[in-house]
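Chemist: Protein chains in written order, with the numbering used here: chain B, 1 to 145; chain H, 1 to 632.
In case anyone wonders, no lab produced these hints; they're calculated from the structure.
One or more hints might be untrue.
[Said to hold, decoys possible] No more than 30 Å apart at the CA atoms, straight line, and that leaves these computed lysine-lysine pairs for BS3-like:
| id | chain 1 | residue 1 | chain 2 | residue 2 |
| --- | --- | --- | --- | --- |
| 1 | H | 332 | B | 6 |
| 2 | H | 503 | H | 539 |
| 3 | B | 6 | H | 264 |
| 4 | B | 82 | B | 101 |
Model, not experiment: these values are computed from the prediction.
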Amino acid sequence: MNKIHKQRLYYVSLLIIGLSIATGLILYALKQNMNAFLTPSQLAASTIPRNHRLRLGGMVKRQSIKRDPQGLGVTFVVTDLKSDITVRYTGVLPDLFREGKGVIALGTLTSQGILMAQQILAKHDENYMPKNVSQVMADKTTVNH
Amino acid sequence: MLRLLGETCLFLALAFALLQSVLPLWGYYRCNPYALLAGRPCMLGQFICVLLAYGLLTTAFGINDFSILYVAANSHPSLPLMYRLTAVWGAHEGSILLWIFILNGWSLAFTYFERSYINLPLVLATLGIMSACFLCFLLFTSNPFILAPPYLTGNDLNPLLQDPGFVIHPPMLYTGYVGFAVAFAITQAALLRGTLDTDWARITRHFAMAAWCFLTFGITLGSWWAYRVLGWGGFWFWDPVENASLLPWIAGTALIHVLVLTEKRGVAKSWSALLAIICFALSLLGTFLVRSGVLISAHTFANDPKRGLFLLILLAILLTAALSIYMIRMPKIQTRPPEPFTPISRETGLLANSALLTVAMLTILLGTLYPLIVDALHLGAVSVGAPYFNTVMLPLLFITMTIMGLGPLCAWQTQSARKLWQLVSKNLLLSYASAALLIWYFTGTVDFTAIVSVGLSFWIILSLRGSLRFLKGMSLAHFGFAILIMGIMLSALLSQEREVRIKPGDAVTLGPYQFVFISTKGEVGANYRGIQAAFEVLKQTRHITNLYPEKRIYTVREMVMTKVAIHPAIFRDLYIALGEPLNDNDWSVRIYYKPFIRWIWMGGLLMMLGGILALWQRKTLTSNAAWSAHVT
Chain B
1 MNKIHKQRLY
11 YVSLLIIGLS
21 IATGLILYAL
31 KQNMNAFLTP
41 SQLAASTIPR
51 NHRLRLGGMV
61 KRQSIKRDPQ
71 GLGVTFVVTD
81 LKSDITVRYT
91 GVLPDLFREG
101 KGVIALGTLT
111 SQGILMAQQI
121 LAKHDENYMP
131 KNVSQVMADK
141 TTVNH
Chain H
1 MLRLLGETCL
11 FLALAFALLQ
21 SVLPLWGYYR
31 CNPYALLAGR
41 PCMLGQFICV
51 LLAYGLLTTA
61 FGINDFSILY
71 VAANSHPSLP
81 LMYRLTAVWG
91 AHEGSILLWI
101 FILNGWSLAF
111 TYFERSYINL
121 PLVLATLGIM
131 SACFLCFLLF
141 TSNPFILAPP
151 YLTGNDLNPL
161 LQDPGFVIHP
171 PMLYTGYVGF
181 AVAFAITQAA
191 LLRGTLDTDW
201 ARITRHFAMA
211 AWCFLTFGIT
221 LGSWWAYRVL
231 GWGGFWFWDP
241 VENASLLPWI
251 AGTALIHVLV
261 LTEKRGVAKS
271 WSALLAIICF
281 ALSLLGTFLV
291 RSGVLISAHT
301 FANDPKRGLF
311 LLILLAILLT
321 AALSIYMIRM
331 PKIQTRPPEP
341 FTPISRETGL
351 LANSALLTVA
361 MLTILLGTLY
371 PLIVDALHLG
381 AVSVGAPYFN
391 TVMLPLLFIT
401 MTIMGLGPLC
411 AWQTQSARKL
421 WQLVSKNLLL
431 SYASAALLIW
441 YFTGTVDFTA
451 IVSVGLSFWI
461 ILSLRGSLRF
471 LKGMSLAHFG
481 FAILIMGIML
491 SALLSQEREV
501 RIKPGDAVTL
511 GPYQFVFIST
521 KGEVGANYRG
531 IQAAFEVLKQ
541 TRHITNLYPE
551 KRIYTVREMV
561 MTKVAIHPAI
571 FRDLYIALGE
581 PLNDNDWSVR
591 IYYKPFIRWI
601 WMGGLLMMLG
611 GILALWQRKT
621 LTSNAAWSAH
631 VT
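If we strip away everything but chain B, and leave its shape as in the complex, we get (with noise of 0.2 Å):
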């Protein structure tokens, strides 16, 4: 085994620790940390276990919005038109947030089927709609028409 050939070995041996390691960290990590993405519908008909981190997304239902007379606590619920889902929240809304607009809520489902949500996302975008969401709307505009 000449000088170039034991280089080569370092080279691989590197290469395959490096890589070796970053799996088992990725692995470890992915299963952590996946949020499964649900329309109001899909959550109403699945059986996520509770604790369980979640992202929602859908409309804003009007006339949903009910602040807490004291602190920053709100109740709204979330509709794709089929399903509501009431979410909780405390804290300071986005800007975009609205009522009849998109929005996504990170959190978990309590046993009473509430979301418990630690973050509220409204995109910078009015036309903005989470994918399946506005996917379930047209077809739902189709029918009303």
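Dock chain H against chain B, hints included.
Modeler: Same frame as chain B, but now just chain H:
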């Protein structure tokens, strides 16, 4: 009028680009020197045409020519002039034109600085092919000079983009992205000619380094913009669009390190060439992700599937062609045998660093593309959260930083382990002890992650203080990285935030500061109206500053925006974002106390400065020798 001229310029540019790509290649195979030399004048012609087209579009924005649809969609008579001129790249069409313009700028720079390089015609041909592809994309799917229906009044620029940070962020980022195209073109030409020599490594390194500096600056600006404009006090969200800019940056960092190795020692040529291809592929992937509409974010303008498909096909063709050339040509290239080295040497350090960076790049790529792949296979919709990236990057970061402290102290070829240990052991002890002491003093807890990362940062700075005399650029860039890491870790550890319901007269205490809400008043701006709140910040009873956060409504798009108020300082930022009015007097307000957050951007700027110095220092070979002599 402007519209027709602009369109004509673009078609002329396309013609020049085709000539620039075809003539030199034909000349190369037919051994025709005239055709080979035709690349340069064609490049100049193309540059002038694109410059004209770009100038015309800017003029159209300047005079608010609403007969052009793109101008009407992104401008408004009330938009201030600065934002009107920069609105050129405020949406999809213009930003692709900017991309092409910058590519032409790089081609010009290359022709100017490397006019005596033997592969010049082939490099220009490769650049011409890319330019032609993007001109086709621009003209046939996203023409910025389309005629508008009459009587449009202008739809205004997206309010999120009306910010000084936005003015230079996209051009800097694009200059970085596109700069890797030059490194790619040089490498392809060298592969075709079979001249993977020192010249190739030197020239590629210079251009990759310049591109890397711009990209570093662009990402730093982007992070600063997100911090000030999005109102969440965060500087990095692991958003797919941010990742798209980080991926070429990481690959580029690996590239400029391996190229040093190739240039000085003749080692790892095929790895350098492959990294140059990967870098550019990732830049293209970034453009695809951001512009195709597969992701939804503030950066995504286009939701036209035709555009995404075009970019995807372009990416596939370019990558297949580049990799085929690489795989066919690489084994046939005769190079002199590389200099041998042992496991403890600077060579190993640089190679290990590039392997780690590649692994980091692949993990981020996986996290970014995973939701898209799952969605494309109809397996449901998932998202990969920030914790994934944080968990995976942390150990990689620690190993990389350890190598950053050791590698530069090693000699080329071989280094005695005992001597190396003598060099580093004291510094290592000192830096960990001081990091642990500082963190315990400030927080009263022992946070493992923070101690390790701050200790490693101290260590890098201590290890490299001697090299500042010899290798200014490298040392500064590494100091910058250490400062960046300290900024990230310490701001994460020490930040405090509160979300409160508050009315004028109330006060909030956060860290050592009291924030007193004084009053609110209405205000009217050029293209918005809003409410401005006044806060007074006190430390004990000492007056620190007054802060005026705002809530604005941009009238044309009826979009609500939070304008945060920040009091910056080297060691801490005070940050107030106004939420929303809850009833007559009450407001929801978000208040942050963010220590060391400014170090993140200072670190980024220092890294860019280091890159510029490294480019400046032409005599790196001699300073390298001096540094090696100093160490051993």
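Chemist: Hints first: check each against the structure and report whether it holds.
Modeler: Here is what the structure says about each hint:
1. H:332 <-> B:6: Roughly 22 Å between the alpha carbons, so the hint for residue 332 (chain H) and residue 6 (chain B) holds.
2. H:503 <-> H:539: Holds - the C-alpha atoms of residue 539 (chain H) and residue 503 (chain H) are around 20 Å apart, at most 30 Å.
3. B:6 <-> H:264: Roughly 20 Å between the alpha carbons, so the hint for residue 6 (chain B) and residue 264 (chain H) holds.
4. B:82 <-> B:101: 16 Å, holds
Of the numbered hints listed earlier, not one is contradicted by the structure.
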